[in-house]
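Asker: Given next are the chains, with one letter for each unit.
Protein chains: 2
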Amino acid sequence: MLTVWSSILFSQTDEAVIKSIYNTALTQGKSYEWLDYLSNNIGGRLSGSLNAERAVEWGESALKELGLDNVWLQPVMVPKWIRGAKEYAYVASASGQTTPVNICALGGSVATPALGLKSEIVEVKNFEELQQLGESAIKGKIVFYNRPMQADLIDTFEAYSGCVNQRYKGAVEASKFGAVGIIVRSMSLKIDDLPHTGSMTYDDLPVSKRIPSAAISTKDADLLSHMLSIDTSIQFYFKQNCKQLADVKSYNVIGEITGTQYPNDYIIVGGHLDSWDLGDGSHDDGAGIVQSMEVLHLFKSLNIKPKHSIRVVMFMNEENGLRGANAYAEAAKQKGETHVVSLESDAGGFTPRGFSFDCTQKTFDKVLSWQDLFKPYFIHYFEKGHAGADVGPLKTNTNATIGLRPDSQRYFDHHHAASDTFDAVNKRELELGGASMAALVYLFDKYGI
Amino acid sequence: MLTVWSSILFSQTDEAVIKSIYNTALTQGKSYEWLDYLSNNIGGRLSGSLNAERAVEWGESALKELGLDNVWLQPVMVPKWIRGAKEYAYVASASGQTTPVNICALGGSVATPALGLKSEIVEVKNFEELQQLGESAIKGKIVFYNRPMQADLIDTFEAYSGCVNQRYKGAVEASKFGAVGIIVRSMSLKIDDLPHTGSMTYDDLPVSKRIPSAAISTKDADLLSHMLSIDTSIQFYFKQNCKQLADVKSYNVIGEITGTQYPNDYIIVGGHLDSWDLGDGSHDDGAGIVQSMEVLHLFKSLNIKPKHSIRVVMFMNEENGLRGANAYAEAAKQKGETHVVSLESDAGGFTPRGFSFDCTQKTFDKVLSWQDLFKPYFIHYFEKGHAGADVGPLKTNTNATIGLRPDSQRYFDHHHAASDTFDAVNKRELELGGASMAALVYLFDKYGI
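As they're listed, the protein sequences go chains W and X.
Under the numbering used here, the residue at position 227 of the first sequence is numbered 227, and the numbers go up by one with no gaps.
Under the numbering used here, the residue at position 362 of the second sequence is numbered 362, and the numbers go up by one with no gaps.
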């Protein structure tokens, strides 16, 4: 009887603590006002930019106000790519009529020649088609990658994964066949006028083979494809002014509450402080930053004294380098810090649905036993899977890396585009995400992995 | 062994059908373009208005294009309340300084006198406070109901239920103590400038006791409360020009696919065609209308021949009378139609989370056995509870009434306000709702209740 009774008490305590975590987040949470500042007073913060510096200063100062045990900056060299003047593009018909289209340079791309680049255009859906067409069809032309995200996949991240090689590797593959540039359909399920940027690579291509690469809006991709279906001789013109500069110094911003029992065992929560430059980076990943801060704020507000050290990490340079994540993991290794649990939020500030776990079966079984504690908050998704880019370098055979999984339906409407702005974030949805992270951290801290 | 094998086949078929339902909805669904028309070409459609007539015509014509077995209009007399010229209000300090505030008349309210109404104002949080203050404190004044929706309730409909008596019964209660008007804090969790309308009653108050009633935006409710906390002698002025006219004829719009085995046993899907007038009624309840239409569209597209008759019902006048729902239920009774399942969508076009079931335990247990079929679509909420207003009159001891339950976090940002517009609806979220309804209808049609 005693066992049963104490186990009831036990579980009631967890229920009560988790309820107070959610209540506090929804009534006295700070994540929304933090995001307002980061998005509207700082804005887009590409690695190496002045805004990224300002974001680092802000992050450090906001963490200091939380009264944590330690707050510091961890230096890291980051790439500095600049967009320059806004891009311009049009399609020219045989008769010379021009139709402007919406493009943006991909992150890391080279510029076009100063007067722009004009050429015939070849549409493909994938690298196999490119190979079949071969050099004779491609040399001297612009390759137009137009494989859309698959609308019938319920998880939009799956649809993204199925397309993103066009953006990331498209230049390398097209360059092999002598293409002079690439235009990639934006990674979005919405048909609209916004081009979506994102990272790309030239791998080890020599400088002379590095071709200008841009994204085109989904609506203009459909238009271009339609025009090509009528007349393959149409020409595409684009001009972009971007440039890769030398690496510059930046920082991960870190704060922690020291654990009462296992101060050298860490549970970390984090997101990335850098963003693309077209919007203000509210969903990607301002949301993850302020939700991670909120976890520590909730612990402080509710006077929860963790057994493990709880750390918030604002990773720098997730978007185009992952330098912050690699530097953080390297430092952790050198200092012999054990990272028991690393929880990342980098999938938007939408209503949280659950978590994706990269962990042992034993840890996962423990998590599954907590599911009922989350039911009142409609948190139902507990699956094994990919955790996230920034916590990736911390993964070991025994620890747990975890990703928050918000509702994904609207994410790619905003991702890397001018529409990733503060007004697209709902206060309650954002707050529920931070509360869910705090509840999970509370349980891991109490029961271990 | 045979049983096991056939049961596996069985369930594979259901999985495949449900997959094709979702795939079709997400790739060839019509709900979004229907909603675009209803919202942007017709707009807000208050019962008895010209727009409501146009919506009826559109609904009938759109159902006819689906090639259903029957499409018809069911006449019903509906109330006709008109807002008239836009309302105006301000707060006047003792020194005579005026601060304009955002209000709108509640649906069904009487107008103020032609020159407006100006009076001192008394803030209360509930009817108990009103009673404690009594006639001496209230007579001749405007009562300001300012109990906010509770932010720490996860289901925002619960928070709404906890507040809405202020709006619906506030005038009756305040009038008893001689109040000359009421101002009600908008039913919204967002702090902004938009007043939210909604229905109210005077019960059997004599005409002379019917006092003008308006909603004030949440931001201005906070402002007003703050001003009152400094100076209780401030005055509130408002002018509104609304009017209740005589009832007019309108229609429920109905279409059906006749069942192959049980043609007189009905499974219906529906929403309400009328809306409030401030926005275009996209979430409330254009979404429910087009999702219900989509169910029949999916059955036709996939050539699913139902055993029961499947009917879509566009109910008229849910917002301020429920006349359509009552007329529909009465006619069904007279014609001896058995309504086995009645599924309503009237909680916004957001990502569907599941369903709320008002049914027998036997039916509910059957539903629970289907849960795994919905898991790939992140449909996880299967609970007993309230179904919906329009299907309410159809409830019997044996049948099932059901409500679609979308994510509720953003609903009350838009509900009954100028922000209930098409751009606030995401195509995929809307489509997933219609597909979820179709999948549930498919299962009920196949396996009964």
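Please keep in mind that the hints were generated in silico from the structure rather than gathered at the bench.
Please read all numbers here as calculations on a predicted model, not as lab measurements.
It cannot be assumed that every hint is accurate.
Which copy is meant is left open, so a pair is good if it fits within one copy or across any two.
Stated by the list, open to error - Think about it this way: if two alpha-carbon atoms lie no more than 27 Å apart in a straight line, the pair counts; the simulated DSSO-like pairs of lysine-lysine are:
| hint | residue 1 | residue 2 |
| --- | --- | --- |
| 1 | Lys19 | Lys384 |
| 2 | Lys190 | Lys64 |
| 3 | Lys249 | Lys118 |
| 4 | Lys300 | Lys362 |
| 5 | Lys64 | Lys209 |
| 6 | Lys333 | Lys307 |
| 7 | Lys375 | Lys362 |
Asker: Kindly indicate which numbered hints from before are broken by the structure, ordering the numbers from low to high.
Answerer: 2, 3, 4, 5
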